[in-house]
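Undergrad: Required output: the full structure, derived from the provided sequences and hints.
Sequence order for the protein chains is A and B.
Just so we're aligned, residue 235 is where the first sequence starts under the working numbering, counting upward by one.
Just so we're aligned, residue 235 is where the second sequence starts under the working numbering, counting upward by one.
I should point out that these hints are in silico values taken from the structure, not numbers from a laboratory.
Because the structure is a prediction, the values reported are computed rather than measured.
Among the hints, a few may not be true.
In this list, chains with the same sequence are indistinguishable; a pair is considered to hold if it fits within one copy or across any two.
Here are the simulated lysine-lysine pairs, DSSO-like style, with alpha carbons at most 27 Å apart [said to hold, decoys possible]:
| no. | residue 1 | residue 2 |
| --- | --- | --- |
| 1 | 497 | 730 |
| 2 | 792 | 769 |
| 3 | 730 | 496 |
| 4 | 427 | 792 |
| 5 | 662 | 730 |
| 6 | 427 | 783 |
| 7 | 771 | 427 |
| 8 | 771 | 357 |
| 9 | 771 | 662 |
2 protein chains.
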Amino acid sequence: QDFDLATIYVSDAQYNRNIYFDTSPQAVRLYLLYNHWALKVLLYFFILVNLSLAIFEEPALVSLPTWATMLVELLCLLVFTIRLVHYAKVIPREKFWKDPKNICIIVVLLLTLIDMIIYGALKAANLYSVRWSRVLRPLLLINVTEGRQLRRAFRSIRNALPEVSSVFVLFIFSVLMFSLMALKLLSKRRGLKTIEGASYFTNYLEIVFDLYVLVTTANSPDVMMPAYNANSIFALFFILYILVNTYIFMSVFLAVVFNNYKKHLKEEIRQLVRAKRHKMARAFGVLQEQREEGGPPVVSHENWNKLVQQARPDISSAHRELLWRVCDDGNQGFIGKVAFVQLADLLNIEVITLKSRPHPLQSLIPSLYESKPSRLVCRVVQHRGFVITFDLIILVNAVFIGLDEENPLISNSEWVFLALYVLEILLKLYAFEPRAFFSKHSFWNWFDTIVVVAALIATIVNSALKSSGGYTSRQVLDIVFILRVLRLIRVVDSIKRFRAIINTLIRIGPAILTFGQLILVVYYVFAMVGMELFKNKVKFYEDITNPEKAYCGNPLLKGSTFAQLSYCKNNFNNVVSSFILLLELTVVNQWHLLGTGFATVTHKSALIFFVLFHVMVVIIIINIFVAFVLEAFFVEY
Amino acid sequence: QDFDLATIYVSDAQYNRNIYFDTSPQAVRLYLLYNHWALKVLLYFFILVNLSLAIFEEPALVSLPTWATMLVELLCLLVFTIRLVHYAKVIPREKFWKDPKNICIIVVLLLTLIDMIIYGALKAANLYSVRWSRVLRPLLLINVTEGRQLRRAFRSIRNALPEVSSVFVLFIFSVLMFSLMALKLLSKRRGLKTIEGASYFTNYLEIVFDLYVLVTTANSPDVMMPAYNANSIFALFFILYILVNTYIFMSVFLAVVFNNYKKHLKEEIRQLVRAKRHKMARAFGVLQEQREEGGPPVVSHENWNKLVQQARPDISSAHRELLWRVCDDGNQGFIGKVAFVQLADLLNIEVITLKSRPHPLQSLIPSLYESKPSRLVCRVVQHRGFVITFDLIILVNAVFIGLDEENPLISNSEWVFLALYVLEILLKLYAFEPRAFFSKHSFWNWFDTIVVVAALIATIVNSALKSSGGYTSRQVLDIVFILRVLRLIRVVDSIKRFRAIINTLIRIGPAILTFGQLILVVYYVFAMVGMELFKNKVKFYEDITNPEKAYCGNPLLKGSTFAQLSYCKNNFNNVVSSFILLLELTVVNQWHLLGTGFATVTHKSALIFFVLFHVMVVIIIINIFVAFVLEAFFVEY
Ligand code: NA
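TA: Have a look at this one:
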């Protein structure tokens, strides 16, 4: 039982869990269950289901009756409640009620329940009602115990906020001053007109908006053209404006965010290390014994072995022996606290055992495998020329893919290329030990094999479909094309200096997922609000002959740039198109036209929604993302 | 004479000059002359004249006869040659010929001369000729002895190039692969059309260009809309593309540039410090004497005093005494080498002498100045409420400026505000010692006084003009408006946390000028090439009634987006409009439309010019600029 507790402390330290659970036997058992991977997967599955409900709720992509979505949501709430109760049983009561995460989850659950009841009642009475609690759903993603990384990302935003807002106020002051100057210099006295024939730079608030958009560069150079066409000297005003606000202020935002991010990162890492050491000290406290009278407490080799066996049953005894030798460098048969504490980090180090195992064929048919021609094949495959040959084949393949596939010569050549790639994999499997070839770290071997096998299957399915009825499935063909192009990517692995960059990107990958969650949370909230504000104001018609298509089904958009650029599908009519629209706003270009479109069909103040989104996502989150990539690159490269 | 030499070494160390001049008395005298500020100003004046010739040469903003510009250019060449000969006399001959800077200047001068002769001859024979040597002009700016900062900036670009090009090739590979996929997925089989009715994504090279433009976000979301309108699933392709190429690759570019910049900066600073110490050691070598037999060489207080007096005749004897005490902390009457070497840095430290001098009025009319009402006035002015009152007045003024100036109440109020501001300055001059008020470091006092006095003069001139003939000069009025708005900026100085940011920006300022030169060099080269390629292909007509205005005077542009957006003035017809156009390209938005416009009137390959500009300026130089601002901010803030 002591070993159970010590094991838990070690694995908490290993995975940076920071939960002060009760140490009673019952609580420990519950805590083990709480950390079981299946329960975590289940929790994330239900969080995902809860978030996905937006697809089926009004305005829906796929309509489901209200009772169905409500029922699923109730189920989700039930699962979250059970998980929370489980957590409450694991940790001491006063700790539970002191933790804002738990309070937040309880409040979200209660508010959601209240909202559902009100919504149901109003709906039953045929009254207008809004499911406002939907914006709270992403809060669950942040506040579950497993959302550590995400909470850290939000904390780094919160920490950057005071300084960012300082710079932001100064930046807004600068925009307001430039706008005032623009009003005075370019107001109606010049009688300038925009290309739409509207009066140019006459309304102060409109100037402020136009110049804010210019900071994002989205209306450059159009906003300058009327003034510039009137007199070249006005270009100076805009140049100065862009220099100060776009180049200097935006760089200062990045600098402030980056600076805070680094400071915060260091502090977080320091805390993590402290918590880890604390956990390991507790594990040590459980297992320690006194060797000599008055001497320091130690842990014996035997107890240590038992502990590691429980904490990591998957590692081999040879590996365990290696770890022990690292800890007990004096070869005393026991270790002190200092040596014990480093165990958590040692367990996280992946040891790659480079056993030169013989090839299975060598054991099976040694006479054949070690014959002269067989050895020649192995030498050829291991030669640098083999790699170069297949890189050249890939390049030829790339040219063939680019050519017209209607040509029978081209379409038949595909079989030749496929055969060559399959041959390459088979040859490699013949020359190299298969288990080493498919080891965990051989990313490109896995990639290659999966893509080639998938392409083979898809091509066979495609030609079977074709020959059976002369019918070609568009989807299958698309998959074939994608796989063909993916195959070409392999070529970058052959060039050494590319490999370094790609490996850095692959290592950054998992951390980018945290940013994916961060973006998801912000997008979800904006999508929910946006759908309530703008649903069905702008419509997209599949049918080309429909005359309403020209103005997105809203007469207010007649003749607008929004409709002319056929942006009708960029709307808030369901959660998927909302997300795509928000992504377009994140990319920034044309965001003012999208915003103006929705302001036209509702009210000018709708622009606030779009400006707010820009400030939140582009100025803060994207800058944090860039800061993160910069820092990760500095560390890794 | 020894003192002359030592003085030169000290001032070289102080200003980070790194010239190994001859130490013969004649060369030393010439070297002193070479470093004279007047000669430097003259040199930069002629470099500026040489660069400005582009305004008067074909295609000219202001046409001058060819012989006139050629004559001025010859004069410039003469000045540069004299300066170079002067330099050759200062440093040892073998050093001169080993320095690539000098070789570069000689080559540029010779090539320019040859070009001028060829051009003159061809012109005389009425044949077509190009002044190709104009692209070499900015090289002089880089290679003159004083261009140290600029050379450093170019070196940091050169050092970043190998890694940047590595990432760039990978990035281009990614664009090519995505383009191939786009060709396969969206090719003619779907039958999609752009909003202009052209076929969508059918030509590989056009797809590559479109997707390259998408990396810069300039054609988002337009390039996606036809595919997205056909099927929402295609949005996934573009989202993935933007994530990989716009967000990740562009951040990696910044990371690589930033990383190299930091590495390079550290190395440069180390070299500077080394060179400085070397120079000071030489100065020490000149002045050293032996105090004791076998003891270390030292410099006596007397010699040191004489040296400092020569090196910085402007500093007071009290200040000099202070510096000596810092050096000779043992109070021995002489200093060793280590203490002597730090002199260069000590001389660079600005000592602000906070003498509490009495107010001149106090000495002049003490009875009045120290009377009770006078003291009350002083106390009021020094009170925090005084600042707040005037901040409020500024805010009220801002509102008045925003209102319609046709209203007589508003226009008369201007006099009240002016009077208040003048009163404020007079009161401050009464309460504070005027020389302290206008000290070198009181940026805002200077700013305030200059702006208010200029506004006073401009307003008086304006109203004089008005009352004399009822005629209002547009230019004077514009200046009045600009000054009025500038006055408002003062408000940021009252808020402490803004002051910190502003002071950081002001301190970064001078270094940003180096980037100004860097941009000037690159712009100049691109402007010269652009003018040769595109001059007079696109014309701008002031006259609105001219029917050719609708298509920029080039029938090829009929119906093009370029003409529809009235971009006609964005052309390469003179050096000023070229620079403004290049600036628009730097801002990136709509750069593809500008590029396509010029490709339409010449040839598709013209797009190479625009893509090249984007890679050079946006991917490399702007990233260096951001890296510079980030680093400067981290150090200063
Ligand atoms: Na843009």
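Undergrad: Hints first: check each against the structure and report whether it holds.
TA: Here is what the structure says about each hint:
1. 497 / 730: between (34 Å within a copy, 23 Å between copies)
2. 792 / 769: within (19 Å within a copy, 39 Å between copies)
3. 730 / 496: Classified as between: cross-chain Cα gap 25 Å, same-chain 31 Å, threshold 27 Å.
4. 427 / 792: both (21 Å within a copy, 22 Å between copies)
5. 662 / 730: within (20 Å within a copy, 68 Å between copies)
6. 427 / 783: Intra 29 Å, inter 16 Å, cutoff 27 Å: inter-copy only.
7. 771 / 427: Close across copies (26 Å), not inside one copy (30 Å); limit 27 Å.
8. 771 / 357: For residue 771 and residue 357, only the intra-copy Cα distance (22 Å) is at most 27 Å; the inter-copy one is 66 Å.
9. 771 / 662: This pair counts as neither: shortest intra-copy Cα distance 59 Å, inter-copy 59 Å.
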